[in-house]
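Go by the hints and put chains C and A onto chain D.
Residue numbers (our numbering), protein chains in the order written: chain D, 1 to 236; chain C, 237 to 568; chain A, 569 to 862.
It should be emphasised that the hints constitute simulated quantities derived from the structure, not laboratory data. Treat the hints loosely; a few may be bogus.
[Claimed, not checked] Computed spacing ranges between beta-carbons, pair by pair:
{"id": "1", "chain 1": "C", "residue 1": "Leu331", "chain 2": "A", "residue 2": "Glu571", "range": "45 to 53 Å"}
{"id": "2", "chain 1": "D", "residue 1": "Arg153", "chain 2": "C", "residue 2": "Leu437", "range": "49 to 57 Å"}
{"id": "3", "chain 1": "D", "residue 1": "Asp172", "chain 2": "A", "residue 2": "Gly759", "range": "48 to 56 Å"}
{"id": "4", "chain 1": "C", "residue 1": "Leu341", "chain 2": "A", "residue 2": "Arg700", "range": "51 to 59 Å"}
{"id": "5", "chain 1": "A", "residue 1": "Val723", "chain 2": "C", "residue 2": "Arg513", "range": "38 to 46 Å"}
{"id": "6", "chain 1": "C", "residue 1": "Thr473", "chain 2": "D", "residue 2": "Thr107", "range": "15 to 23 Å"}
{"id": "7", "chain 1": "D", "residue 1": "Gly38", "chain 2": "A", "residue 2": "Gly727", "range": "46 to 54 Å"}
{"id": "8", "chain 1": "A", "residue 1": "Leu849", "chain 2": "D", "residue 2": "Ser137", "range": "30 to 38 Å"}
{"id": "9", "chain 1": "D", "residue 1": "Arg121", "chain 2": "C", "residue 2": "Leu437", "range": "44 to 52 Å"}
{"id": "10", "chain 1": "A", "residue 1": "Val723", "chain 2": "D", "residue 2": "Glu176", "range": "48 to 56 Å"}
{"id": "11", "chain 1": "D", "residue 1": "Gly76", "chain 2": "C", "residue 2": "Ala248", "range": "57 to 65 Å"}
{"id": "12", "chain 1": "C", "residue 1": "Thr442", "chain 2": "A", "residue 2": "Leu632", "range": "56 to 64 Å"}
[Stated by the list, open to error] Non-contacting residues of chain A with respect to chain C, defined by C-beta distances greater than 10 Å in every case (computed):
{"id": "13", "residue": "Phe598"}
{"id": "14", "residue": "Ala636"}
{"id": "15", "residue": "Pro696"}
{"id": "16", "residue": "Phe707"}
{"id": "17", "residue": "Ile720"}
{"id": "18", "residue": "Gly727"}
{"id": "19", "residue": "Phe731"}
{"id": "20", "residue": "Arg736"}
{"id": "21", "residue": "Ile803"}
{"id": "22", "residue": "Val811"}
Note that beta-carbon positions come from the ideal geometry of N, C-alpha and C, so glycine has one too.
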Amino acid sequence: MSLAIEALHAGYGDLEILQGASIRVAPGQIVGLIGPNGAGKSTLLKTVFGYLRARAGRVEFDGHDLVGRRPDQILGLGMSYLAQTGGLFPEMTVHENLGLGGFILETARRRREALDELYARFPFLHERRRQLAGSLSGGEQRILAVARALMVRPRLMLLDEPTAALAPRFIDRVYETIVDLNRSGIALLVAEQNVEMILAAAHHVFVLDLGQNAFDGTPATLRESEQIRRLYLGEA
Amino acid sequence: MSRARRPLALGAAAVILAALPLIVPHPFVLTIATQALIWALLAASWDLLGGYTGQISFGHAGFFAVGAYAAAAVTKHAGVSPWAGLVVGMLAAALIGLAVGFPALRLRGHYLALVTLGFAEIVRLTAQNWMSLTGGPFGIYDYRTFPGLPVEPLAHRRAAYWVVLAIVAASVAVMVKTCEHTPAAKAFRAIREDEVLAATLGIHTTAYKLLAFGLSAGFAGLAGTLYAYYIVLVSPTVGAVGTTSLAIGMAVFGGLGTIWGPVIGALFLYGLNEALRFVGVVYNLIVVGLILMVFVIFVPRGLAGVAASRPRRRQRAAARADGERALGSTGN
Amino acid sequence: MWESIADFVVQGIVLGGLYALIAVGISLIFGVLDVINVAHGEFFAVGGYLVFAAVVLMHLGPALGIVAATAGTFVLGLALYPLLLAPLRRRVGRRPSGPLYLVLTLGLSTFMQNGLLALAGGEYLQVPPHVRGILDLPFTSVSYQRLLVLAIAAVLLGGLFAFLKLHRYGLAVRAVAQDPDAAQSVGIVLGRVFGLTLALGVALAGASGALMAPLFNVYPAVGFPLTVKAFAITIVGGMGNLVGALIAALVLGVVESLAVMVIPSQWQNAIAFAAMIGVLLVRPQGLLGRAVAR
Numbered sequence: 001m002s003l004a005i006e007a008l009h010a011g012y013g014d015l016e017i018l019q020g021a022s023i024r025v026a027p028g029q030i031v032g033l034i035g036p037n038g039a040g041k042s043t044l045l046k047t048v049f050g051y052l053r054a055r056a057g058r059v060e061f062d063g064h065d066l067v068g069r070r071p072d073q074i075l076g077l078g079m080s081y082l083a084q085t086g087g088l089f090p091e092m093t094v095h096e097n098l099g100l101g102g103f104i105l106e107t108a109r110r111r112r113e114a115l116d117e118l119y120a121r122f123p124f125l126h127e128r129r130r131q132l133a134g135s136l137s138g139g140e141q142r143i144l145a146v147a148r149a150l151m152v153r154p155r156l157m158l159l160d161e162p163t164a165a166l167a168p169r170f171i172d173r174v175y176e177t178i179v180d181l182n183r184s185g186i187a188l189l190v191a192e193q194n195v196e197m198i199l200a201a202a203h204h205v206f207v208l209d210l211g212q213n214a215f216d217g218t219p220a221t222l223r224e225s226e227q228i229r230r231l232y233l234g235e236a
Numbered sequence: 237m238s239r240a241r242r243p244l245a246l247g248a249a250a251v252i253l254a255a256l257p258l259i260v261p262h263p264f265v266l267t268i269a270t271q272a273l274i275w276a277l278l279a280a281s282w283d284l285l286g287g288y289t290g291q292i293s294f295g296h297a298g299f300f301a302v303g304a305y306a307a308a309a310v311t312k313h314a315g316v317s318p319w320a321g322l323v324v325g326m327l328a329a330a331l332i333g334l335a336v337g338f339p340a341l342r343l344r345g346h347y348l349a350l351v352t353l354g355f356a357e358i359v360r361l362t363a364q365n366w367m368s369l370t371g372g373p374f375g376i377y378d379y380r381t382f383p384g385l386p387v388e389p390l391a392h393r394r395a396a397y398w399v400v401l402a403i404v405a406a407s408v409a410v411m412v413k414t415c416e417h418t419p420a421a422k423a424f425r426a427i428r429e430d431e432v433l434a435a436t437l438g439i440h441t442t443a444y445k446l447l448a449f450g451l452s453a454g455f456a457g458l459a460g461t462l463y464a465y466y467i468v469l470v471s472p473t474v475g476a477v478g479t480t481s482l483a484i485g486m487a488v489f490g491g492l493g494t495i496w497g498p499v500i501g502a503l504f505l506y507g508l509n510e511a512l513r514f515v516g517v518v519y520n521l522i523v524v525g526l527i528l529m530v531f532v533i534f535v536p537r538g539l540a541g542v543a544a545s546r547p548r549r550r551q552r553a554a555a556r557a558d559g560e561r562a563l564g565s566t567g568n
Numbered sequence: 569m570w571e572s573i574a575d576f577v578v579q580g581i582v583l584g585g586l587y588a589l590i591a592v593g594i595s596l597i598f599g600v601l602d603v604i605n606v607a608h609g610e611f612f613a614v615g616g617y618l619v620f621a622a623v624v625l626m627h628l629g630p631a632l633g634i635v636a637a638t639a640g641t642f643v644l645g646l647a648l649y650p651l652l653l654a655p656l657r658r659r660v661g662r663r664p665s666g667p668l669y670l671v672l673t674l675g676l677s678t679f680m681q682n683g684l685l686a687l688a689g690g691e692y693l694q695v696p697p698h699v700r701g702i703l704d705l706p707f708t709s710v711s712y713q714r715l716l717v718l719a720i721a722a723v724l725l726g727g728l729f730a731f732l733k734l735h736r737y738g739l740a741v742r743a744v745a746q747d748p749d750a751a752q753s754v755g756i757v758l759g760r761v762f763g764l765t766l767a768l769g770v771a772l773a774g775a776s777g778a779l780m781a782p783l784f785n786v787y788p789a790v791g792f793p794l795t796v797k798a799f800a801i802t803i804v805g806g807m808g809n810l811v812g813a814l815i816a817a818l819v820l821g822v823v824e825s826l827a828v829m830v831i832p833s834q835w836q837n838a839i840a841f842a843a844m845i846g847v848l849l850v851r852p853q854g855l856l857g858r859a860v861a862r
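Pulled out of the complex, with its shape left as it was, chain D reads as follows (with noise of 0.2 Å):
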């Protein structure tokens, strides 16, 4: 699998966020997406995954083109996609989230299988099967929605800041369920605020700053860079 972004402009009414922003995403790889608030990294996913309409710019999967399409056939394409807040059906329980993540399987049978693959992936989601969703902690919540996407087999993964707002603790099972998951093939392009754990998982980085790259290299080339360190690690 491949995802080429290229030069993608996008934004709201008459707003533009995205200016030309490149990313890439090779095959079996973690891709950080690190910037300052506002830089167009929650845009960038939005679009890719077809909620945003892009206005100029390429976004290749696996040599189809996305731009124009429909979040329900990108996800048919093999993407699936997390938002940052919400994503999940509160009022409905773990089982009924879980079941909704297979909506597009063609038959029971597929979904009942992909259940049972996902319950015994996670077995507390299968203890906590008839609670609702809602009810949930913070880091279950996202653990299931995790769970979630999982369910139609992706290839991809885009993750919208997948630890705001969680406790230390589940800040480390989110990112060792990511290392998990992209063990077993599976490449994730992970937007984050929390730059000292996607640079710890990451095989690449690109950085966004005004809807623009900035950067990009491995974190080890970040780490090096003054520049870099000092804008986006805090460091004096």
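Showing chains C and A alone in chain D's frame:
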């Protein structure tokens, strides 16, 4: 059209309207024109509250009815002169508007619309059932119209037309002035765009919302009094949802947030409605319904929006986008 | 006196069943599409006309007539979504932009009511009772016709709730009501769910129109008073909360019926609005609704 040219255009329109009875001295046309003006005032009053201040009322028929019934009642039972009756009706409606506005302060959007609808329904049910006060289903009739007007039918209608035109024009002018050139103007708009933000910026949202309610209800009531003295019959149907619906439709058609847009929308739609009666009594309303739907989809800014200059449109779009961005996503 | 009360209670439950069919439809449409369907009562009228056509004109019998009316309104709802609501949504997005959606359904209401007037005339059309006969209960008696209304209402509402709870698309409807963005992220196509929901909601109105035709007669404006009252009921129960609408409808039916013993009958209709205003002032989300910052 640009803001500089607007007073000129409005002035021209006023002159044409004033000259109408001389151009087309037909009593039927005058009747339609007079009623169209009354609707124009109602639609404009709705726009002050809905289009400018963003408080959607589904109960303006209630204020209209209060004005109409108050005026008819004081003239019939207390012998009050219609000129004074105008003031009585307007004040009664304005006070009721404040009374409705108070509890409605905490409500937004659909909820506000529905509570005002409930209010209007209660007004209508009261009108229908409280025989001693309102005459029940038969309503109030057999009372004086404006005194001092010529007796001859055509001349009478002409004079009545001019009276209504003068009052409507004055009211619209007051509303436009309030909504464009006073501190209330900015406050109304701020409340409409983002009420929470407006409050944090130090705008007395409560006071201004109540002001909007009072003014809007007052002018709606004034339209009601004009109706009462022109038709000389007030029955419960004036408070029906259909009245509010048509007024809102006229406002949207004409263009929300302009005051003069709804006036034009009302004149046009009412005129069209009556003109089409000749084609077939029912088809006129079918066309009105169709126009409402088509306009809302394809021309949501109404006639006034079509005439608006580009910079203003871009400003609004940017303001909307800012609002969306502040909220963080395409949905909530 | 107990006979009277029993009588009123029974009538009230039947009335409540009717209210429930309409209020649940309105609440469903609001909960999922965020639209207040001002034209809902017109679908009630359409149901009446369809059953008239089926039973009186085509001699199909009441059972087929009711089914045809329900199916017909369902299809009408399916067709109206892409024709009217989808184009507006494409322009202004889901967040209701001022009164635009209200005006749209308002225009539809005017169009439909007068369209019916033009097509079928204004006379009150009569439909024979779907079932005849009276059931004798200990304290009172009730016609089978009214019982039929209650029974079918129970079946339809039960079916709807089952659909929402068990069927894949029913879950999709609930998902869209709770979080449309999340629903899209699992591959649900919003437009399809919106169309389906609209169709379901108005089909309930059409069915009740067909059921009540023998009692109310059929004419273009027959549905409108019910619509306004149904809005009040959904507010009391909590907009978007189906169970709330159901309970509020039943309670109102019984209260309205019993109230005749205490207040003059013309004021019956004011109860719903007084309740609505009361709820809006004290607890705007409705008795069973969640506290949503609207």
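Task: Violated hints, by number in ascending order, as checked against the structure - done: Violated hints (numbers, rising): 3, 6, 13 and 21; every other hint is consistent with the structure.
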